[in-house]
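These protein sequence lines map, in sequence, to chains A and B. All you need for my numbering is the position in the first sequence, starting with 1, plus 1. All you need for my numbering is the position in the second sequence, starting with 1, plus 410.
Check each hint, because a few of them may be wrong.
[What the hints assert, rightly or not] Where chain B lies over chain A, by a calculated footprint (3+ residues, C-beta under 8 Å):
{"#": "1", "region": "42 to 50"}
{"#": "2", "region": "283 to 291"}
{"#": "3", "region": "303 to 312"}
Simulated from the structure, these hints should not be mistaken for lab results. Virtual Cβ for every residue (Gly too), placed ideally from N, Cα, C.
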Amino acid sequence: MSPAAKPAAKPKLAIFGAASCGGCDIAIVNIHEHIVDVAAAFDIVLWPTIMDGKYSDIEAMADGEITITLVSGSMRTDVTVHLAKLLRRKSQFMVSFGSCASEGCIPGLANLSSRKEILDTAFSTSSTDNPDGLRPVWECQVPEGVLRLPEFEPVLRTLDQVVEVDYTIPGCPPESNQIWAALEAVVKALNGTGPLPPKGSVLGAGESTVCDECARKRDVKKISQFVRIQQVAKFDPEICLLEQGLPCNGSATRSGCGALCPAVSAPCIGCYGAAEGVVDYGARLMSAFASVVEATQPEEIDRVLDGIADPVGQFYRFSLAGSLLRSGRAAWQKDGE
Amino acid sequence: MSTQAPVAPAPAEGTGAATIAEATTFEPVIIGFTCNWCSYRAADLAGTARTKYPPNVRLIRLMCSGRLDPTFVLKAFSEGADAVLVSGCHPGECHYIEQNYKALRRFQLLSRTIQALGIEPGRLQLVWASAAEGVRLAGEIARVTEEVRELGPLNWPAGEIVDIDNVTLEAAWEATGGDAGGPPETPGGANPQHAAESAEAAR
């Protein structure tokens, strides 16, 4: 399958969105005129968001026929898992694209709830217009045959919990310039003009933390209270947001975004995932936050920590499904849906 | 929830309904992180003095309780520990001046987070013990062991979904006993669903 052996055939590219918002696809299109280069370099065989394509065509391919598959989105239903496994078989390189595929992202917070709770929220809250109390049925008999909906799995999983992943491109969504840089590296490797990144690499991001890219000054490293962003009229534009009491996740988050959020006085929320070498994003962040709290008495510490209203949302907003614990216990309750 | 006896490592006993007898055979696995300068020596002293404490605790020596990365605790839970005991020097007596205060803050923050994830606070405990307090540490280990025995197995299901390919989540789900004991009370009234909603709202 080396490109040298078949110079005429363009390498095949598939882009598949599982449980995702579509933002990753928009970020890919957002590489502007480079999208033409992508089209020139690759034969795009599947990209459901952008073009028509049939899964049966993928099934008909030989194993490894697709050169690269980018999967954005997490593994929520049995169908996405099936398709991820299918694409893995057919692809030489499987890329976990964006936060959902890599660490669960916002959809991963559903791992705090059971399937019943999730469906209750979607179909049976007081603000839902659903007078007949309709619920999805996974299988439905109609005159033409049996209709089947993709069925929820008990917990949402990341791509690498389902199939082997070769590369990861982090971000929610990945920054467009980084996407192009990552794709370019692979294109060069295929042309034989550059080295192939080692398997398991994180592409399109730095190895350090957002703090490293952030221009704000930090030296005090002591905080006596946490504030929420809406409680402060104006933050000092020069000083570290964490030192000003705003829970900013930059110290555990991978660099690569250019520290866009703290530059405009919004705290880093961690969309680029864990920095190099961090096993559990939330654990690293808890460690960092606890280190800078200026309090020594348990009651005093509790008072400061009360400022973090939602610890799981703060520490695992993007990474719950990919964390060591992977879910809340509630996700595993079987409650007769 | 302590009726989830099927997950207890009951040796030799066959299948069948959980009985009280079976439930009491549950031997919790407790990972204990001890400080080189105090609690590890306290445990050592307990041993030298032939003070008995339950063998359920597996002690790991750190140079200081301030070395305790929350990752260690989460990894212990995710790989089968029923509880984690953190111990260090009494406040004001740290060999490294103030790192045990750091440990205290990490403990309090981590405790909040695991409770929001549905893990009972009794499964993560902090005990101060000086090098001279062998008897006290032994007593605390016994107390924690009994408390965790009451709580029953943690049986955190994360490990079941680590393996890629061909893992049937349904089987893992069944193995957790489903909601046999009903949902665990999340102390502090934290509703995980609200947590998810507020996180989305904050975006």
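Against the structure, the hints:
With a cut-off of 8 Å between beta carbons, the region 42 to 50 of chain A has 0 residues touching chain B; three or more are needed, and the interface restraint is violated. Requiring three or more residues with a Cβ within less than 8 Å of a Cβ of chain B, the coverage given for the region 283 to 291 of chain A holds, as 7 such residues are present. Counting residues of the region 303 to 312 of chain A whose beta carbon lies closer than 8 Å to any beta carbon of chain B gives 6, which reaches the threshold of three, so the coverage claim holds.
Consistency with the previously given hints fails for number 1 only.
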